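Q: Working from the sequences, and respecting the hints, build out all of it.
Number of protein chains: 2
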Amino acid sequence: MVDRLDPHPDAEGGVAPVRGAAGVPTLESVAAAAGVSRATASRVLNGSPRVSEAARAGVLAAAEQLSYVPNGAARMLVTRRSDAVAFVVCEQEEVFFSDPFFATVLKGAHRVVVRSGRQVLFVVVADEGDRRRLERFAAGGHLDAAMFLSVHRGEHSPARLAELGMPVVVAGRPPAGVGAQPHVDTDNVGGGRLAAGHLLAVGRRRPVVLTGPPDMPSSADRVRGLREVLAAGGVHLPDAAAEPGHYSVEGGRTAMALLLDRFPDLDGVFAANDLMAVGALGVLRERGRRVPEDVAVVGYDDIPLASATSPPLTTVHQPLEELGRRMATALVRALDGPPGGDPAGTAEVVQAALGEPLQTRLVVRGSA
Amino acid sequence: MVDRLDPHPDAEGGVAPVRGAAGVPTLESVAAAAGVSRATASRVLNGSPRVSEAARAGVLAAAEQLSYVPNGAARMLVTRRSDAVAFVVCEQEEVFFSDPFFATVLKGAHRVVVRSGRQVLFVVVADEGDRRRLERFAAGGHLDAAMFLSVHRGEHSPARLAELGMPVVVAGRPPAGVGAQPHVDTDNVGGGRLAAGHLLAVGRRRPVVLTGPPDMPSSADRVRGLREVLAAGGVHLPDAAAEPGHYSVEGGRTAMALLLDRFPDLDGVFAANDLMAVGALGVLRERGRRVPEDVAVVGYDDIPLASATSPPLTTVHQPLEELGRRMATALVRALDGPPGGDPAGTAEVVQAALGEPLQTRLVVRGSA
DNA sequence: CTGAAAGCGCTTACAG
DNA sequence: CTGAAAGCGCTTACAG
Chain A
3 MVDRLDPHPD AEGGVAPVRG AAGVPTLESV AAAAGVSRAT ASRVLNGSPR VSEAARAGVL
63 AAAEQLSYVP NGAARMLVTR RSDAVAFVVC EQEEVFFSDP FFATVLKGAH RVVVRSGRQV
123 LFVVVADEGD RRRLERFAAG GHLDAAMFLS VHRGEHSPAR LAELGMPVVV AGRPPAGVGA
183 QPHVDTDNVG GGRLAAGHLL AVGRRRPVVL TGPPDMPSSA DRVRGLREVL AAGGVHLPDA
243 AAEPGHYSVE GGRTAMALLL DRFPDLDGVF AANDLMAVGA LGVLRERGRR VPEDVAVVGY
303 DDIPLASATS PPLTTVHQPL EELGRRMATA LVRALDGPPG GDPAGTAEVV QAALGEPLQT
363 RLVVRGSA
Chain D
3 MVDRLDPHPD AEGGVAPVRG AAGVPTLESV AAAAGVSRAT ASRVLNGSPR VSEAARAGVL
63 AAAEQLSYVP NGAARMLVTR RSDAVAFVVC EQEEVFFSDP FFATVLKGAH RVVVRSGRQV
123 LFVVVADEGD RRRLERFAAG GHLDAAMFLS VHRGEHSPAR LAELGMPVVV AGRPPAGVGA
183 QPHVDTDNVG GGRLAAGHLL AVGRRRPVVL TGPPDMPSSA DRVRGLREVL AAGGVHLPDA
243 AAEPGHYSVE GGRTAMALLL DRFPDLDGVF AANDLMAVGA LGVLRERGRR VPEDVAVVGY
303 DDIPLASATS PPLTTVHQPL EELGRRMATA LVRALDGPPG GDPAGTAEVV QAALGEPLQT
363 RLVVRGSA
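Protein chains in written order, with the working numbering: chain A, 3 to 370; chain D, 3 to 370.
Hints listed in this document are in silico derivations from the structure and should not be mistaken for laboratory results.
Among the hints, erroneous ones may be present.
[As the list claims (entries may be wrong)] Which bits of chain D does chain A cover? Going by a derived footprint, with three or more residues having C-beta under 8 Å, they are:
# : segment
1 : 106-112
2 : 121-130
3 : 278-290
Small disclaimer: the values here were computed from a predicted structure and weren't measured.
Every residue, glycine too, gets a C-beta built ideally from N, C-alpha and C.
A: What follows is the structure in structure tokens.
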């Protein structure tokens, strides 16, 4: 008795201990303090209606008094839910953190997920190791659902998680090799058309394009819409006038410099996102081109920085917060749906809740 | 028999089922397939040395064949570990995602955490609700340790998590109301001195300062170092010449405009971070000031964007990746330390692993 | 080296 | 409305 290392020498006799083996109060402690069974305590804490008012009050008071927080592992084990939803960005850390695009989508999603009583977990998938880790994490039951952003060609994680039976949604039209996952899109083709219409309206006849990563449909779709309206306006965009800038400031700079060498008489730029437009603005200034007098610049996204550049950026606004909200809502709906629902139908439920592509609009500022 | 909804009609008789109740293989299935006990299977999978080669091979093959992934909840419940480390940023989503500062720190930390066999979980703490949720999440056992970035005055989460007995580390000197948490710092005072030295060296006598949030020591320390060296050089910095810019591009713009009105003859700017310097550059250009001829600009951080501005930014480089590595290493060390270690000594173990403040260096580019 | 058994903390039919 | 009991899937002394 004297040589037993008992961390709680006061928890003796038949009285239920105030703390569990981990030194933290358990449901057992709460029940004991409230003078009810563990089952009743559990019912109160989970908001079951089948409890007497007296029991409810007692349990609530005890839980409060002990600062009781349910053990997540025990809960997960029996409910088979983690109450966590992943927000997965398939990019290098640098990109993840330097493009405000994600912040806005996240904000919309976060609110919805939290309101449904769940946690959101951010995950960066930058390489194969991260990918494997995410899939294991999901298979281990730590995730109930996932939304994917910035999905590139051949990304297999969405399909893998979907195979586990969990609701999954992809932002934007999934590129090749990703599979037919539920997705929401913004109207990228329409956005490209808006940009082209404006460039034409301000009299530009020799525009060039800074495209995003070649393996992302969002960029291709924007350029397609642009080309279409340009052509209708009698302006042909040669292939050499479109240069990839990887959706980054630095990439935008490089691409802009290249295009300036290739087409010294260019008079307009469409950047498939605002970050590249920022890079382009810098290079144009350095090369002595006035914006918008000599060269009109139109961006895409309408990130906060867009109004702080000089001149402020004319750009295509996307309802990114709404995009996040939509994705989260679809996931939550599938999660909260009839539990007996056909698991094979999860994707259908999610896709149905996603709705139509989101509309874009042109925001005219100083750059074009 | 015919009316029982048995999802696995083939799992009959005394044979162990290939899948558990959740339709996913369990340790039991693996053990059965390998012809050993659950205990042995567990030992193999956890790398215990006390297993025969034959058993090991059999279990590994079975696990592989069944694509077995251990149930995280069950594991957490018994080990009392989640194998997850939180990377907590106490900022609005916007800031979290638009300042590349975080990306770099994260990168260093991520690598270390992953190598130790753990997951990193990003958490944004933007309001009181997020804070409460984080604390519950931690109390529920979902976290083994946490590192905090961008901690403002009065932030109580680090202390709360530390009270739970988990290793915690704060980036930078904790502001008032945060408590004496283990922390690593970069030499902010030294960095401020470097900036001042350079400004003086390029002949500036009327500099102004864009400071960070008033409740963050990093900014105050940088300004202190600056003031000190400026004073030694015979240059007095009036209080009115320091204006807060919240570490953001937009804030930098506003502060710069204000200072330009207040001190039309200013000839130098020290921005306590690069994002504000970017904002300042824009306003200076709009107001017709040439950089560096009329006004020399020095930033702080050396984010990737710093080399893409025009002119490229002269700035104080901080070893941010190393900062992340240090924080993560300290946490991992405390976690992997002797399990019988005095829990009250956790903070000491962490602090001891943190080492000296990290040195900064000046990177001279075009802006000053 | 291996297995039977206990137990982590919770939820949920099942009886009453 | 309430409690006793089973069970979620794993790890880990304890014997052998």
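Q: The structure should be examined with respect to each hint, and the outcome stated for every one.
A: Evaluated hints:
no. : hint    : in the structure
1   : 106-112 : holds (count 4)
2   : 121-130 : holds (count 5)
3   : 278-290 : holds (count 5)
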